[in-house]
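Enquirer: Protein chains in written order, with UniProt numbering: chain A, 1 to 347; chain B, 1 to 347; chain C, 1 to 347; chain D, 1 to 347.
Take the hints with a grain of salt, since some may be wrong.
Where chains are identical, the list cannot tell them apart; a pair therefore holds if satisfied intra-copy or between any two copies.
Stated by the list, open to error - Straight-line distance between alpha carbons at most 25 Å, and here's what the computed BS3-like set of lysine-lysine pairs gives:
hint	residue 1	residue 2
1	Lys188	Lys84
2	Lys47	Lys188
3	Lys227	Lys252
4	Lys141	Lys206
5	Lys165	Lys252
6	Lys165	Lys206
7	Lys299	Lys227
8	Lys113	Lys299
9	Lys206	Lys188
10	Lys269	Lys47
11	Lys138	Lys227
Don't read these hints as lab results, they were simulated from the structure.
There are 4 protein chains.
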Amino acid sequence: MSALKVAIIGATGYGGLELIRFLHNHPEVEKMDLFTSSEEGVIFSSKYGHLLNIQDVPLQKIDYETLENYDVVFTSTPSGVTSKLLPPLVGKGPKLIDLSGDYRLKNLQDYEKWYKKDPAPQEIVDQSVYGLTEWNEKNIKEAVLIANPGCYPTAALLSILPFIKEGLIDPSFLVIDAKSGVSGAGNKPSRTTHFSETNENFSIYKINEHQHIPEIEQAIEMFTGVKTAITFNTHLVPMTRGILATSYAPVKDGVTTEDLTECLMETYKRHPFVRVITDANTIGTSRVKGSNYCDVFAKIDERTNRATIVSVIDNLVKGAAGQAIQNMNVQFGLPQTTGLDVVPLFI
Amino acid sequence: MSALKVAIIGATGYGGLELIRFLHNHPEVEKMDLFTSSEEGVIFSSKYGHLLNIQDVPLQKIDYETLENYDVVFTSTPSGVTSKLLPPLVGKGPKLIDLSGDYRLKNLQDYEKWYKKDPAPQEIVDQSVYGLTEWNEKNIKEAVLIANPGCYPTAALLSILPFIKEGLIDPSFLVIDAKSGVSGAGNKPSRTTHFSETNENFSIYKINEHQHIPEIEQAIEMFTGVKTAITFNTHLVPMTRGILATSYAPVKDGVTTEDLTECLMETYKRHPFVRVITDANTIGTSRVKGSNYCDVFAKIDERTNRATIVSVIDNLVKGAAGQAIQNMNVQFGLPQTTGLDVVPLFI
Amino acid sequence: MSALKVAIIGATGYGGLELIRFLHNHPEVEKMDLFTSSEEGVIFSSKYGHLLNIQDVPLQKIDYETLENYDVVFTSTPSGVTSKLLPPLVGKGPKLIDLSGDYRLKNLQDYEKWYKKDPAPQEIVDQSVYGLTEWNEKNIKEAVLIANPGCYPTAALLSILPFIKEGLIDPSFLVIDAKSGVSGAGNKPSRTTHFSETNENFSIYKINEHQHIPEIEQAIEMFTGVKTAITFNTHLVPMTRGILATSYAPVKDGVTTEDLTECLMETYKRHPFVRVITDANTIGTSRVKGSNYCDVFAKIDERTNRATIVSVIDNLVKGAAGQAIQNMNVQFGLPQTTGLDVVPLFI
Amino acid sequence: MSALKVAIIGATGYGGLELIRFLHNHPEVEKMDLFTSSEEGVIFSSKYGHLLNIQDVPLQKIDYETLENYDVVFTSTPSGVTSKLLPPLVGKGPKLIDLSGDYRLKNLQDYEKWYKKDPAPQEIVDQSVYGLTEWNEKNIKEAVLIANPGCYPTAALLSILPFIKEGLIDPSFLVIDAKSGVSGAGNKPSRTTHFSETNENFSIYKINEHQHIPEIEQAIEMFTGVKTAITFNTHLVPMTRGILATSYAPVKDGVTTEDLTECLMETYKRHPFVRVITDANTIGTSRVKGSNYCDVFAKIDERTNRATIVSVIDNLVKGAAGQAIQNMNVQFGLPQTTGLDVVPLFI
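So that you can see chain A by itself, here it is in the shape it has in the complex:
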């Protein structure tokens, strides 16, 4: 019998807002409190007017003793924060679900290289479980600390892992061209997110240098045993929500589009949040807007014998808060869809 007490650290970010949005309707959550390192006492709805009459509570100071009394602590902070913040809480009671990148990379040198920050302690990182729900359910169930996947890795991995695992594509030449809405950049104003310069502008950024590259490669190895170096690039789309990842790889001889579709169907048949698209005419991010779905598609270009693999997610939901709650559901033995069974907005 669950009646969960949930704490959110970093509620003022967009990941935090989405946690609040879904947990508000989660039937097994009886208490949700918001914690902050810098804005103690601020009434949350004075900062985010859309929460008027919904979250008129003051932000609380982060305090370990208090936090130990919660069943779950979600951390939704920029990278470099939870590496220091979480270690004292590990094993003290609450399930910890970290939405930042601090506990994803098992190799700390990779973390230092790609994040250019000090890593979390190795022994804590070793305990963390990568929270790609559909591929790691058993480990998530037992995990004390979940490293919730990045938005881009979630979109890319859910669509390519089945083919690598089944040996249908050649992972040695894998190109992932990803595109994201601007909310992925967070709520901190900068020139990159300044409306007049972002609107009506499609741009590429961090060329070949995005920190999600090692995360994707690690996950490929973790779930398929294949070690490979990928080409991965990220683009900024002038819209708020959504990621579409287009991946390219040579297919093995004789593999057909039907084989790819069948492989996706088989892989995800028991997984409510991954939907296999068969109609190529309707593949866009709006299919999943506001929801926890990841929709996947694959097709072979027979002229070149390469597969075009496509997936879409809402970066703030399946790519962040939604998957985090999905993982919480797994940890507490709830149906994965609990509190997450919403219809995409579409428009």
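Chain A is fixed; fit chains B, C and D onto it per the hints.
Expert: Chains B, C and D in isolation, oriented as in the chain A frame:
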């Protein structure tokens, strides 16, 4: 004990999509079927990919005998359809909630003048109840046929009715300048809704000729007894959802901004979906996006002794499907928030 | 014979970028240099990549002796800068065209009240000429210092002045409801201009408190002799460029829509940049995008005997840099359209 | 000495609008007339209000005798029109510049396969010259009929041709992932371009089936002698203008990022409209908005030894009308920049 059977006619429009989105999570709805006049047999999710695995059912042919077995029939069709479609169903069992404009205007000559279509039969129009929930709850409870309010009238009326009723403003010079996202224009492609010409373009349309003018004037008289002619204009905002209405009127001598705020607070204190804003810095349509809230605000310009009155709604929710479900809840004795208690998306 | 040397101070703002865009193609400008207070030596195209191979020059330090050698100095800085910067340059040779608000308000107390900053010296303000080209051509021709109008005042005044001057409307109840694209907020990142919170959000701001209110009232009195207090509000549209102003006022008895149209036609018949719209179906900001046009329209609502008056401009062109160059043309005896005769982009 | 008479067929499309925008300011064009197959007599500015006072002329009926008197005839029609329309005009006097796809593919079977329409006569197609200005200047100079390149091919080819020609990349595994604003879909309303479903939606379309695939492959062979099959996909970005193409290919051993940059610099050193970007932080479509520039960039991912190659254009300018005028300039011995030397709008 409710366990409602619900039919939707006109599900393929945007109002219909929102009905589906909310009714999917409505705890008292046990059955929801979709009806169509022109696309019988079409699998709904083949038309709207975001509903894959959610509404993979064929659209059913409209048939009166079948429809009589539902507890509620929502009609979400263009104007001029339900005037002919609904009369045979009136009194045959189901509660009828019409989202079109066909049953709103009591004076059929007004309907003909502003809609330029043949009106519904007078005796049916006479039975219809105007579904502005917060102002007509008692009548809605008993109604067989509800004329769900238009999107603009909902936004405008909820913010100005309190002041007219309490005599705080002078209704003889009332200007309502309204702005709407493009979804209000429906799902039929046209030059007005063509992306390249709508995007990055703010425009005014139907100058002084919008069919919501007589609806607003009728409602003012209905709920306050005041007969007045308003100036009302509508603009198209390059965004999908949301209406913001800015209204202007002289205030009576001695009336203060505090009086206006107090009047709003008092009027809506028991109404969960109307929120009174006191922080003028956060008034935009994103406050209510995807939700059934209407947020209202008023302030006096002391230089001119005129009030600036502002309200925001999601035109597809409180301005259409959300209010329709709110009315259904009232009709069946459910809490108004049943199935509608969602947090606005904000971004 | 002109061959103008032009200096721009504040080139890194959006007004400055538009000055560069138009002056680049101005046939009478032989030299254009960019000055800065804080970024001396920075190669301009390294800051704004779109100017690669076009403006690969370093920003120069502001220096009075140097500036005296230019024919024109445009200042496009935030308010509160040129009040201090320009006085030593007045009368030293160059024509000064200030795009900020520092020299617009003749009454310094108004400046202090609405801008909340220290005003420029009264004797300099006294010499400044308000640069609403179509209404002040003679004075502009002789001016040493031009106070280029604000974006909202330009849009509003060009559409309402003719009617006030000719006594067709009653200025004692004049409501101006204005809407602007986000570029009007400048290039400094803030929460108000943060893409994720600005996109898909239509908002109202500075309710009854915008600093353009006294500017509009002063100009009404200056050009028509009428003293009146207006109601003026401003909204933020999720698009980059464009202002649409909708104004409302009672019309005098017997005045018709044709009278209004005729008044506009007559007023602007020799003015190439003000176009009178007669087709009410195409009134949006895209009509003038990227150009120096102001398109105006008026229509009477016969139910209420009030006029609806509409105008559209590109806030960065006719509302800033374009009008500034138009004023320069007037000062140097060039045709007003020199360098400004471009076709609007529309899409 | 030129003083060109120019005819435009298909002026009502977006390509046509851009031809008008640039030709309006072209110093060597003394006459520009607009022709139509279906809207004879329609005043052009009544259709496109932004051209009020600029193009208040009636559209003329297409008539071969009349057309023969022009120096240049631009055709900007959907594919399948000029294949029939242009043959009688070939060799009759005017230079013909066709913006459609009807004369691009030399192999008529390719045209039939990819366009699913009847091709133009082989002998006319044989005479046509592919108008990728920077790569085909000599032939363009002599051409009677120019097949103006497609928008995607222009963006892709300008960035990848130098590397294939110089043997720096391996063309046997070339992936081009292209993204376009919605204006590329033209001005005909459809569900794909319906604002509410296009806005806030990033989508992929025509997966592996875009008709620009054979055009790109043909041009690679034409300009480098290399026969290869490419993987090419297209995405729709919720913005109006702009294409960004991201291409991926293995580099030859020992090739460095500096080699790639140097190759681009060398290739385009005499070409004013192709700019080589060296600052990877500013690569977006807004760099070139409204202008004829194509900005290119390349970088090697040393982890995988693959190149990431990026280019941006304004699809309506360098991808259509701008390049067409650039070709006209070449044909008439004018500097390529004549009438096209405008600063990008950026915002």
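Enquirer: Take the hints in turn and mark each one as holding or not.
Expert: A quick look at each hint next to the structure:
1. Lys188 x Lys84: Intra 21 Å, inter 33 Å, cutoff 25 Å: intra-copy only.
2. Lys47 x Lys188: both (14 Å within a copy, 21 Å between copies)
3. Lys227 x Lys252: both (17 Å within a copy, 23 Å between copies)
4. Lys141 x Lys206: This pair counts as neither: shortest intra-copy Cα distance 35 Å, inter-copy 41 Å.
5. Lys165 x Lys252: Within one copy only: 13 Å inside, 30 Å across.
6. Lys165 x Lys206: neither (29 Å within a copy, 28 Å between copies)
7. Lys299 x Lys227: both (24 Å within a copy, 24 Å between copies)
8. Lys113 x Lys299: Close across copies (19 Å), not inside one copy (35 Å); limit 25 Å.
9. Lys206 x Lys188: both (18 Å within a copy, 23 Å between copies)
10. Lys269 x Lys47: between (42 Å within a copy, 23 Å between copies)
11. Lys138 x Lys227: This pair counts as within: shortest intra-copy Cα distance 23 Å, inter-copy 50 Å.
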